[in-house]
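S.K.: Listed below, chain by chain, are the residues.
4 protein chains.
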Amino acid sequence: MDTADMGSFRGHALPGSFIFFTGAWWTAKCILKYACKKHKRTSYLGCKALFQRIEILEGIILICMALTGMTGEQFVPAGPHLVLYDHKEGQWVQLLSWHHFTMYFFFGLLGVMNILCFTISSLPTSLTKLMLSNAFFVEAFIFYNHTHGREMLDIFLHQLLVLVTFLAGLVAFVELFTRTNVIVELLRTSLVLLQGSWLWQIGFVLYPPSGGPAWDPNDHDNIMFLTICFCWHYALTFIVIGVIYAFVTWLVTSRLRRFCPSEVGLLKTADREQESEEEMRF
Amino acid sequence: MDTADMGSFRGHALPGSFIFFTGAWWTAKCILKYACKKHKRTSYLGCKALFQRIEILEGIILICMALTGMTGEQFVPAGPHLVLYDHKEGQWVQLLSWHHFTMYFFFGLLGVMNILCFTISSLPTSLTKLMLSNAFFVEAFIFYNHTHGREMLDIFLHQLLVLVTFLAGLVAFVELFTRTNVIVELLRTSLVLLQGSWLWQIGFVLYPPSGGPAWDPNDHDNIMFLTICFCWHYALTFIVIGVIYAFVTWLVTSRLRRFCPSEVGLLKTADREQESEEEMRF
Amino acid sequence: MDTADMGSFRGHALPGSFIFFTGAWWTAKCILKYACKKHKRTSYLGCKALFQRIEILEGIILICMALTGMTGEQFVPAGPHLVLYDHKEGQWVQLLSWHHFTMYFFFGLLGVMNILCFTISSLPTSLTKLMLSNAFFVEAFIFYNHTHGREMLDIFLHQLLVLVTFLAGLVAFVELFTRTNVIVELLRTSLVLLQGSWLWQIGFVLYPPSGGPAWDPNDHDNIMFLTICFCWHYALTFIVIGVIYAFVTWLVTSRLRRFCPSEVGLLKTADREQESEEEMRF
Amino acid sequence: MDTADMGSFRGHALPGSFIFFTGAWWTAKCILKYACKKHKRTSYLGCKALFQRIEILEGIILICMALTGMTGEQFVPAGPHLVLYDHKEGQWVQLLSWHHFTMYFFFGLLGVMNILCFTISSLPTSLTKLMLSNAFFVEAFIFYNHTHGREMLDIFLHQLLVLVTFLAGLVAFVELFTRTNVIVELLRTSLVLLQGSWLWQIGFVLYPPSGGPAWDPNDHDNIMFLTICFCWHYALTFIVIGVIYAFVTWLVTSRLRRFCPSEVGLLKTADREQESEEEMRF
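Sequences listed follow chains A, B, C and D, in order.
For the first sequence, position 207 (counting from the first letter as 1) is numbered 207 according to this note's numbering, and the numbering increases by one without interruption.
For the second sequence, position 120 (counting from the first letter as 1) is numbered 402 according to this note's numbering, and the numbering increases by one without interruption.
For the third sequence, position 156 (counting from the first letter as 1) is numbered 720 according to this note's numbering, and the numbering increases by one without interruption.
For the fourth sequence, position 281 (counting from the first letter as 1) is numbered 1127 according to this note's numbering, and the numbering increases by one without interruption.
I should point out that these hints are in silico values taken from the structure, not numbers from a laboratory.
A couple of the hints might just be wrong.
Per the computed footprint, the stretches of chain B lying under chain C, defined by three or more beta-carbons under 8 Å from a beta-carbon of chain C, are [as the list claims (entries may be wrong)]:
| id | segment |
| --- | --- |
| 1 | 347 to 357 |
| 2 | 411 to 424 |
| 3 | 515 to 523 |
A few chain A residues facing chain D, derived, Cβ under 7 Å [stated by the list, open to error]:
| id | residue |
| --- | --- |
| 4 | V93 |
| 5 | T102 |
| 6 | F143 |
| 7 | N145 |
| 8 | W232 |
| 9 | L236 |
| 10 | F238 |
Note that CB positions come from ideal geometry on N, CA and C, so glycine has one too.
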């Protein structure tokens, strides 16, 4: 049963779902932080301790997911079982699985760094941003060298994946140099969401779940359709982010109003003016 | 009557004119803002409310234009009529029209975001910059994958269009990170103007309105001429911007002098010193 | 007598010399400004008015040089004499001359902008930086499309020219966003110097002034030599900049000491501390 | 005895070791500076003078290493012995050695600049950053033009070297524009470490020290393995940096505690709050 094998629909849909939900979670976290900062005088200190715990929890989850992925890649029946080179046959064993293994490993490193940075106070927290950027760059680099000798359609699909992964890494890298900016963070999460949903699309095209034949890999029209399909996926991520934004804002506003309605009302006008100035600066 | 079809002179000249006028309008707006900021002590508050209304109006116009373009692409006689895949023939329907449809859709999203950001005060206004940058990047991406299997001259013309669209997106993206800088905004609008006038040039080359034969698509000399022609178009945009600058500055100065001549005179020297300091910082 | 024709040794050495001397002059000006700023309390106001006049003079010289280049390209015996298209023969006339004409034109625009920005006080001075960056980008763009159908060695030589021109434009563009930084300005002038000396090298390789045969255009060893030759030219520009730096610093120090020795001595310690703080910030 | 010849295992392992140790030293220095800044009120002034002397010493060592490399490349038995062109045979002499010679020369220039900038106080210290960035860019440029007409595997190995060298130069260039940021400096040193260890890998692949046959240069599987091998090398540099970080931090903390335990204890809480604010800004 090669259900977790990358060469199948499920092998693309599973990591795609994981990445999509990670992206959705990062979007929610980033909007939550933004909303908390707006109301900072009332509840910022409590928020800060909470976010620290959330980051550590996130690190643990990331490590678990990475370990699951790494063992899955190694010990499925068709996997390499930790053997890198077959000396008898004189050839490398299952290099594609080792490629995925390496990607998961770097996301595991990101999890480790998350835990270290938020428990050891002397480490700068921007190290997690650097590791995130590195994990994306490594993923883009590996996918770029992943499709030697395949068909045109397959290469095109993976090139778009490389593009979106590289851009996500680039935005995470740019975040190292800017002060916290909700717009840039949302741009990064939108690219993560796009990456997840595009993995689904790759599964649909190369291994149709309906059991029908795969798409003609040498038809130029397929590539021209997938070009706009990619854009529609991107438009979809905006809608997902919009829904998350509306939900989180409603949650924060209603909860805060219930607990301390008068104080929020008083602070509102003062806050708004300060914010509008901040917005001018962006 | 395929008058709005992209495969004709009018099909290139119409969107070209729209883009050119949008660019001219953005240039005027940006110079107007710059001029208003200079005289801010006298009339800045009034200006701010005015600009907010202008942005909302701009959003509505953008949405209308995008809807017109989208319905036009779909329902011209040769259009796809909202059909994406022809199951009988087993092929995609009119993918080039769907390409243009997708581009218009992203400019429509920009319009929606314009309205949302300037009516809901909790949204940061830089979201419109992000959407603008995205709309240009999507347009560049689609044009890049637009010319599979065409002639050398056709590809070269569209590559230059991709170049200028990509650069416009890049400049809009850079604006996210810098404080408002009139030079960078004018650079972006100059690229939008160039994009509009270059669409006219494409129409002239591929579908000569005089009815004569199209240019020889495999003549290297044509490409070498279009290289410098592109530069001349760019020089033209500087002249257009210079004329708009002179006109707007004259308008602002003369109107302000009529209403409150003494006050402006008093403020002038104090303002100028402050400005010169700001200029030093650029 | 086609002595100013680009297809000759002199046709490369002449513009090369002009660009080299322009680069040397910009280096001297930039170091002079840096040295003046250090002694700003004693003589900055006088310097500022002086620099303004220098910029206007520079603009006039640039326009003269551009006009000379443009008329030279047009009216040499083998030139196009302002004819763009030969309707009889049905072909373009001397497109390479028109290429050079367009490059000169953009440097002429830079001169015009220099004069406008330093006479009309309402224009931001960073417009000259933008025009400089544009002039370099246009030059790189034209050179990139300049060598269709030539030999490997010729293309390689011009590609390196495109590289250095593009980098000069990029650095000038980056200067728009940073506060005045002597290091970045020197980097730009070093690239201009390199461009000038590389034009000499191109002349030597393609049209040996000794009258001997041109280099073998298909020998890989020639390309591998020119690779390191390019680096040596770059090292040379550092030495040129070092010599100019030493000369200008000696000039400023000795002249200032002669006029107001005691005052400079008093300010020196206070200045140095402030400078060292500024240096920390870079 | 061509032991220092680049066309051998030792010829790649020797410079690889040098670069690796330079990277390790820069990592240690950068973490030491970061740790010293944290305790700046107690010992910053002493540190500053110390670091100045260290930089000068580093410059001297760099010059010695560069001179060694340059003479080594020239005067090994198979070297060019300062002859560039063999007029008898009409061909270039040992251009690959001249390539390495040029690279060493630019690292020597970096050493000279290090000494000049830290002895002459009027030179801005960021000049060393610029020279470092230039040295890396020149190295990347030369390696890029180094492998004309070689096998696919050889080219791929050197392309990765170009990639990592170019990135190191880019990060050093970015450092010119940001205020001192420990994360970015560590990123640069990690790339230098990677460059050193990758030179070892190149030696292993092309000239196996076991004396066995070289790897099959046209096997796609070898390239796919080296892709992930490159990532593992990168993961290794993180571990090296982590170990150096732990060691240096332990050293600084224990030494400072021994000398002035009470004062450090008092400052600690005040420091930490300030730091956490600074970290927020990244």
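S.K.: Next step is simple, just say for each hint if it's right about the structure.
M.R.: Here is how each hint holds up against the structure:
1. 347 to 357: violated (count 0)
2. 411 to 424: Coverage by chain C is violated here, the residue count being 0 at a Cβ distance below 8 Å.
3. 515 to 523: The restraint on the segment 515 to 523 of chain B holds, since 3 of its residues have a Cβ under 8 Å from chain C and three suffice.
4. V93: Not OK, violated: V93 (chain A) not within 7 Å of chain D, min 10 Å.
5. T102: holds (5 Å)
6. F143: At about 10 Å, which exceeds the 7 Å cut-off, the nearest Cβ of chain D leaves the hint on F143 (chain A) violated.
7. N145: Holds, about 4 Å.
8. W232: violated (31 Å)
9. L236: violated (31 Å)
10. F238: Nearest chain D Cβ about 28 Å off; hint violated.
When each numbered hint is compared with the structure, violations occur for hints 1, 2, 4, 6, 8, 9, 10.
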